[in-house]
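> Okay, here's what each chain looks like letter by letter:
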Amino acid sequence: MASNPKAKQPKILILATLAGGYAGADSTGQAHADYPANTYILPIMCPVMFPPEFFVRAFERGIDGIIIMYSGTDSPYKVEADGTAALVNSSYALMKERGIDIRRLRLAAICTVCVKPFLKEVNQMVELLQGIGFVKDELAAPVTASA
Amino acid sequence: MENLHVDALVLGGGIAGMQAALDLADQGFQVALLEREPSIGGKMITLSKVFPTLDCCSCITTPKMSAVAHHPNIHLLTYCEMQSVAETGSGFRLAVVQKPRYVDVNKCTGCRKCEYECPVTLPSPFDRGLGAYRAIRVPFSTAVPQTAVLDIENCILCGKCEKVCAAGAVDFTQRAETFEIQATTLVVASGFELTPLNAKKEYGGETLQNVIDPLMMERFLAPTGPYGRVLRPGDGKEPTSIAYVQCAGSRDQTLGVEYCSRVCCMYAIKQAMLISGALPMADITIYYMDIRTFGKGYEQFYQNAQAMGVEFVRGKVAAIREDDEQNPVVKVELTEEGRIIERTFDLVVLSLGMVPTAGADGILSLPLGEDKFIAIPAPNANPCETARPGIFVTGTAMGPMDIVDSIITAGSVASAASAYIREHQKETAYA
Amino acid sequence: MPDKQKAARKAASPDKEEVRVGVYTCHCGGNISHVVQCERVAKALGKMPDVVVARTDPSFCSDAGQAIIEQDIQELGINRVVIGACAPSLHEQTFRNTVTRAGLNPYLYHHVGIREQDSWVHDGDPEGATEKAVRLMAAGLAKARLLTPLEPIRLGAEKGALVIGGGVAGLRAALDIAHQGIRVTLVEKSPFLGGRMAQLESIFPTDEEPRQLLHALIEQAAAHPSITILTGAEVTAVSGYVGNFNLQVTQHERGLSEELAEALLAACEQEAPDNFNYGLTRRKVVYRPYPGCYPSTPAVDWEHYDGRPIQVDGKAVVLKDKPQVHALTVGAIVLATGFNPYEPRQGEYGYGEITEVVTLPQLIRILAQVPQGEPLIWNGHPVRDVALIHCVGSREIEGVHTPQDDGQVNNYCSRVCCTASLHTALELRRRFPEINLYELYQDIRTYGRGHEEIYNQAQSAMVHFLRYRGEKQPEVAAAPPGDTHPALVRVVDTLTYGEEIEVPVDLVVLAVGMMPSPIDALVDMLKVSRGNDRFLLEVHPKLRPVEMAVRGIVLAGTAQGPMNIQESLSAASAAAAKVAALLGQGRVELPPFVARVDESKCDGTGACVEACQEEGAIALQTFQENGHEVRRAVVTPANCTGCGACVGVCPKRAIDVQAWTLAQYEAMVDALAMDIPAFAEAEK
Ligand SMILES: Cc1cc2nc3c(=O)[nH]c(=O)nc-3n(C[C@H](O)[C@H](O)[C@H](O)COP(=O)(O)OP(=O)(O)OC[C@H]3O[C@@H](n4cnc5c(N)ncnc54)[C@H](O)[C@@H]3O)c2cc1C
Ligand SMILES: Cc1cc2nc3c(=O)[nH]c(=O)nc-3n(C[C@H](O)[C@H](O)[C@H](O)COP(=O)(O)OP(=O)(O)OC[C@H]3O[C@@H](n4cnc5c(N)ncnc54)[C@H](O)[C@@H]3O)c2cc1C
Ligand code: SF4
Ligand code: SF4
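Just so you know, the sequences run in chain order A, B and C. Note that this note's numbering has the first sequence beginning at 6, numbered continuously upward. Note that this note's numbering has the second sequence beginning at 56, numbered continuously upward. Note that this note's numbering has the third sequence beginning at 9, numbered continuously upward.
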């Protein structure tokens, strides 16, 4: 998929744990598997360090989708599995409050050798964003009462 | 050159020697690393990408070279040749010759001005003769040390380099210097050579232009290579059909190389995959008797190559001749069909085997095995001990192996040598 | 003072001074630059604030490349370094060393992976890949601006190591480590040392007696003053980290006092399958697996002992297992837990259904029980024809072979089975010259030194070779009653141009591959990773081939993958060298990525303490300040894992993980989200 420089692409932020998703992304690279380039992976130690406000702030700055790729129960950190799930739930609550489609934030367990699951997650998010569009349009729209 | 006193002397700065030196030095031992070429790196630094991970080879090698050069416990001695060895009560005493570089290593900054100025062009052995270099040059772009060396045999003594060198490093008056190294233990890491390209006359190696050796293919495929792409040495044409002849120098009693060289199946598959990447339209055929992809992750590698469309054909190649357009024609007995066919290719790579680098074993009087590699009397007990106490061996000096295995044996030799050093130094301290 | 020195001095004290960033985009010898236009990346970054220099190089990790960075630090006063190159797992450490050499704090450098996560995955989209590189590098730059100098956490390291597994690899590792003056505890699950090697009779390529070799090792280990051997023991709890692992080892009771042991062994009547002979025979539940085993005292098979008293000298002795718990602290752990032979599925090549089908390890035990010079009888019949089938449980193909319980097939080659089965074929030929031998193989992989000779000998010794294809496995069936032979092997032989051949046989031997020992519990406790093949996974096969991602844990022998004895020994010694280098100094350094409290912001709410799940990592403490009592959170760095659970919950943003701060992430997100004018500019 060649990107047309003129057509702006949605931006996908991937927060990937060093022990899990980041290593999985490296394995995907070693396998030379292709995926769209509008994906920005930042290494993290463990997702629990982020408060829900962090994600909302990122959406407000123009990040259109966020995937947290964590190590799940295989994590070196005791808090990771449950803590991240709790964090994502409270983030969803905050996103709803701000009128942000909660599908823009996804949680996926990715391990060091998860090439296929990594690609699946990325492609799903890309497809989703093609459907729901840029976050700034959503933020500009009035918040519906039901949200 | 000053005389040196070290705990361990490692002979050979290929990947095995470098890793052994690092593993010993990390344990706090003083190590001298002796390399006869002007740079360390061995064969590995000339490779393109390396199986099974397809990592870029320089990305793995150059940092190790750099780590060796910067390690506080390693004395790096390049362009040095061991002349003789004597056993002393406390270890070994070596007479070593520092060959003249005709460049002052302390002054040279590696700026390469001399190289650009030098009028003499020679085929570069680093590029298997494919590329060219000058009579004075930094051996290759990632060489360690980054110091020029002058090939006096081919120098026309025009003096241009001397004039252009701002550091005043070029010195035509340099001479070989002999110095002494005392070491408690020796680690031999003198590596391998390819079996000769022309060993099997029927295959036309050396006489047919488009029958090449695999290290040449590595240089074609290397991003740092002379052309940056694959082409035929004969006419520069981009090949569209390439054949690999497996066991071309190995498993053949008539050649005196009875053993399997262990890496040729894997490097052929690797090269085939890299060629498919570079030349997607090329047909690649590998003629083999057994595919030996036995290492960790290697079988998967083989399966990936099959999935990519590399053709594996079980067959014995009887002979290779050339047609009128210098295309190699391979005559092969297809053992699964019981037919003999002839097929024309653009390029043939002979998957040559490994023989030991000669030299070190003689000076050290080390007994050899029937395969001419340094003998290991008790492989299932002490896998890197030679027949001479205090002398250890690692990497391809102890038999064909790949990089992963070379690195493992390097770690292993570091353990064996350090145990020996501690034991021996304790004894001599009491004596 | 010359400018050069001034700049260098400035670089040496980077607090509060002007931020001067050097940005380096590596071509990676073409790996990156074939897709990402590195020069454009450098140009775009060069226009961003605080960037003093933006360069590219064919390979910054080379000595010459590193020298460029060092020179910039020293001559241009660069005090933050951003490098875009391969994955940080490969060379982050390399460049930390580089900047350190140039006099810069190693944590003032940030590594951006633009190879595995950019050029290698976007070959089809150079434009997109280049833009991505610019953004990722801009994010790296944003982070680098906020980096502060840090010191590693220095901890005393226990000069002791734990070796788990007492096979040939574990024994070799224990000895090599002990030779370096480091204490070793060797924990072996079974009551006896030696592992699988003890079950072999003659080993390739030297035809040596394996138990003799093993005993030479065991004797040295047992006699070594710094080695403690615990048999019948397993690790049951782990905490801590490199340098200071705290372990609990639970050891079964030997169950027999020295004086009574022999009498109990003689008197014991209860029997159980003898796993030393792979269940082919039965032995007593008080047993010695073989004469000369170590320890020589018999052991009780607690799994099978039914608790009934054993009569000795008129007394009824009831054996009791009172497991003993040992607590240990060690600096490093060696995993040498070895392999299990692949256990064929019920019915796979007739295994478990046709009595004439056995595995190669079983055949080796069968042969051990046939006295030299006597014929080979199996199942009451003299054995005349034997077929050995290669690659059973190895080199399996997805879609062709039945997956195992975890849904996977063993797609790897087990590396020793070819040579082992040819070696055994030669043994059969030597002892029973009349037997017809058939080897059914795909490829003969006699790769090692002295292995090809075994293949050549087998060919001259009239072993018949039949070559099958992976997709078309041979079949084994019971012969119809009244047939000359009890079993039939059918194979499509590619050596005879695809002819279907039927071989009547008396014995079918499955050359089974290797599977890792079942060590799920250990893997969970140690938090180490396994590869797709389920064997323990090294960090990198070339850069760090015997180390695991968890620092302080190394690998020895077949726990990592199939190996023969020589290879297991080498790997074990290599692992020992790593342990010696790690613990030799008696201290280790840990990265400073731990939580840090900003005292000016913390008001002691304690949310952090509640969120933290690591024992002893954070606590509230009361301080006296200007006559007031203040409560603040205090971190114990050695116990903090840096997960940041405290960061997310702090209402004051008073706590952060060093080098991974929330502010840095916000800055990175802003950089990713921002339109990049300089880049757009460069496009014009
Ligand atoms: C075509 C080809 C492709 C390959 N591809 C791969 C691959 O993709 N992956 C992989 O894992 N392996 C590969 N290999 C194998 C790999 O090259 C070797 O395993 C590895 O290079 C061996 O390293 P070494 O240190 O033992 O020997 P060498 O690299 O030969 O190093 C020996 C060093 O010792 C020096 N020396 C020799 N004698 C003396 C002396 N008397 N005094 C001083 N110095 C001396 C030499 O100059 C040399 O620098 C390949 C091999 C070939 C031929
Ligand atoms: C049929 C066959 C024939 C072979 N023939 C040869 C030959 O001729 N020559 C040759 O070189 N190689 C041969 N091999 C290979 C050889 O057996 C292995 O290389 C060698 O035994 C590996 O040793 P190891 O120490 O890695 O593992 P193992 O021998 O498996 O030892 C591992 C040890 O760890 C223990 N353990 C496991 N889990 C735990 C735990 N959780 N806690 C504590 N302890 C634990 C086990 O009880 C065992 O004692 C053969 C292999 C097979 C299958
Ligand atoms: S590795 Fe392959 S090509 Fe090389 S000698 Fe062995 S079988 Fe032949
Ligand atoms: S060593 Fe031989 S028998 Fe074993 S899996 Fe590999 S090819 Fe098959």
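Errors might be hidden in some of the hints.
[Stated by the list, open to error] BS3-like mimics (lysine-lysine), calculated; alpha carbons at most 30 Å apart, straight line:
#1 A/K121 - C/K609
#2 C/K480 - A/K13
#3 C/K609 - A/K83
#4 C/K55 - A/K141
#5 C/K480 - B/K371
#6 C/K167 - B/K481
#7 B/K98 - B/K162
#8 A/K101 - C/K55
#9 C/K197 - C/K328
#10 C/K535 - A/K83
[Unchecked claim] Over 10 Å on every C-beta distance to chain C, these chain A residues come out as not near it, computed from the model:
#11 R62
#12 R66
#13 A145
Read the hints as simulated data drawn from the structure, not as lab findings. Just so we're clear, the structure is a prediction, and the values are computed from it rather than from any experiment. Idealized CB from N, CA, C, for every residue including glycine.
> Check the structure against each numbered hint from earlier and tell me which ones fail, lowest number first.
Violated: hints 1, 2, 8, 11, 12.
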